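Here the structure of chain A is known, so what remains is to put chain B in place on it, guided by the hints.
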Amino acid sequence: MPELTPWQKLPAAGRTTPGSAPQPATGGWRTGVKPMVDLDACVNCLLCWLYCPDSAITLDGTTFTGFDERFCKGCELCAVVCPTGAISMVEEER
Amino acid sequence: MKSLLTGGEAIAEAMRQIDVDVVPVYPITPQTPIIQTYAKFVADGRAHAELVDVESEHSAMSAAIGAALAGARTVTATSSQGLALMAEVVYIAASMRAPIVMALGNRALSGPINIHCDHSDSMLIRDSGVVQLFAENAQEAYDLMLVAPRIAEHPDVLLPVLVCLDGFTITHAAEPVELVPDADVRRLVGPYALPHPVLDTRDPGTHGPFAMPDHYFELRRQQAAALEAAQIALGAAADALERIAGRRVGAVDPYRIDGADKVVVALGSTAGTIKDTVDELRAEGERVGVLRICSFRPFPSAEIANALHGVDTVIALDRADSPGGTPALHAELAAALYGSGSQLRGHVYGLGGRDLHPEDICRIFAGREAAYAGVRGEPCPA
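Residue numbers (my numbering), protein chains in the order written: chain A, 712 to 805; chain B, 35 to 416.
Please keep in mind that the hints were generated in silico from the structure rather than gathered at the bench.
Because the structure is a prediction, the values reported are computed rather than measured.
A portion of the hints provided could be inaccurate.
Stated by the list, open to error - Some chain A residues judged to face chain B by a derived CB distance under 10 angstroms, without partners named: (1) THR728; (2) PRO729; (3) GLN734; (4) PRO735; (5) CYS786.
Virtual Cβ for every residue (Gly too), placed ideally from N, Cα, C.
The following block holds chain A by itself, in its conformation from the complex (with noise of 0.2 angstroms):
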């Protein structure tokens, strides 16, 4: 945990900007799953992308690439709306 700000340095009324978060990566959280894709199945219909709310999609341009786990936290909402059933979830060690 990074040290705590002085009352006088925070800015006024408690206002924050983007990307201010001291520890963003909200993956930490993750339920205990999270999604594996097989590419050879996915078509790239980009419904996982639209979907997922923490924008942990990844993607090359318009092309599907992965997950970024550093925001995933397991939801399976992207496995779930997933048309061919490229995404599925696995128990990860933790």
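Showing chain B alone in chain A's frame:
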């Protein structure tokens, strides 16, 4: 040149002059003439603000926060039950550091339901973190409304500023009021400049975030510092007003307290009656005076202790009760004068619009009035 205006009309004139952008408001007696007059200015093309007809005072203050933080100079006005309904959001406005200017036509809180003046509505939000300035008359209500944006929008302050004017006594009574020319007021208040307006897309940010135990206390501490800064900002704004109008406003208004043995301390229009009574008693050789407090929040404790130094008897007059405790002004004075050697006593007076007459004030100075001054059935000291 002087104009014959009610306090409500004088406030509306000030709103027209301070270049307000947004006015979210809900009508309530005795605030109504403020908004009625201002709405006419808008309808006649003499003011350009967006009048937002909201469904309640809770919504009025919510809309005011949004407008003020978006980057618009924002004014609202209310009274009594309206302020009670608004109270939840008043705290939020202060904590979000929204520089909203508000006129409060002071009126007794229900119940029993009543429309006349006392200060129970102001005291309800005493600890909300807003600046509260009490006017003595229509002229001062107008003057305070002119300086209010400078205090509210000062970068070290950024807090709502309430200009409190006694219901009916000031809001509805017509008095000669000296108006400042429009152009001078524009220069006095300047353009609305907020450090981080929400609508600035080049400077995105989250306003009003959730604060856990590791941050809530620090953010409350900031509000205390902002109120301290408001005291300095009031002094600077008073200097600026004096330069354009030749008149001052001040945190305290001492009247004939030099060499006084007894000084009454009060807020609002009653101080005018007390000043007249002091003149009469001084003519009879009594060493009496009055210290009117304009800035109730921030409370200028040091200035008051200094002004009352050496006074034998200080008498607090509260126009709001604190059942089961000590009324607000009395308690503040007890803290400010602790260890000073002055004797302090207090009276509650004027609840629900009960007048306080010069003969009542004479009895108060003489120590022959009950703690609840002017209540039928209350035994008075001999």
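Tested hints:
Hint on A/THR728 holds. Least Cβ distance to chain B is approximately 5 angstroms, under the 10 angstroms limit. Interface hint status for A/PRO729: upheld, as the beta-carbon distance to the closest one in chain B is roughly 6 angstroms, under 10 angstroms. Using the Cβ-Cβ criterion of 10 angstroms, the hint placing A/GLN734 at the interface with chain B is not satisfied: the shortest such distance is roughly 13 angstroms. The closest approach between the C-beta of A/PRO735 and any C-beta of chain B is roughly 14 angstroms, which is over the 10 angstroms cut-off, so the hint fails.
Interface restraint check: A/CYS786 against chain B, minimum CB-CB distance 21 angstroms, threshold 10 angstroms, status violated.
Checked against the numbered hints above, the structure violates hints 3, 4, 5; every other hint is satisfied.
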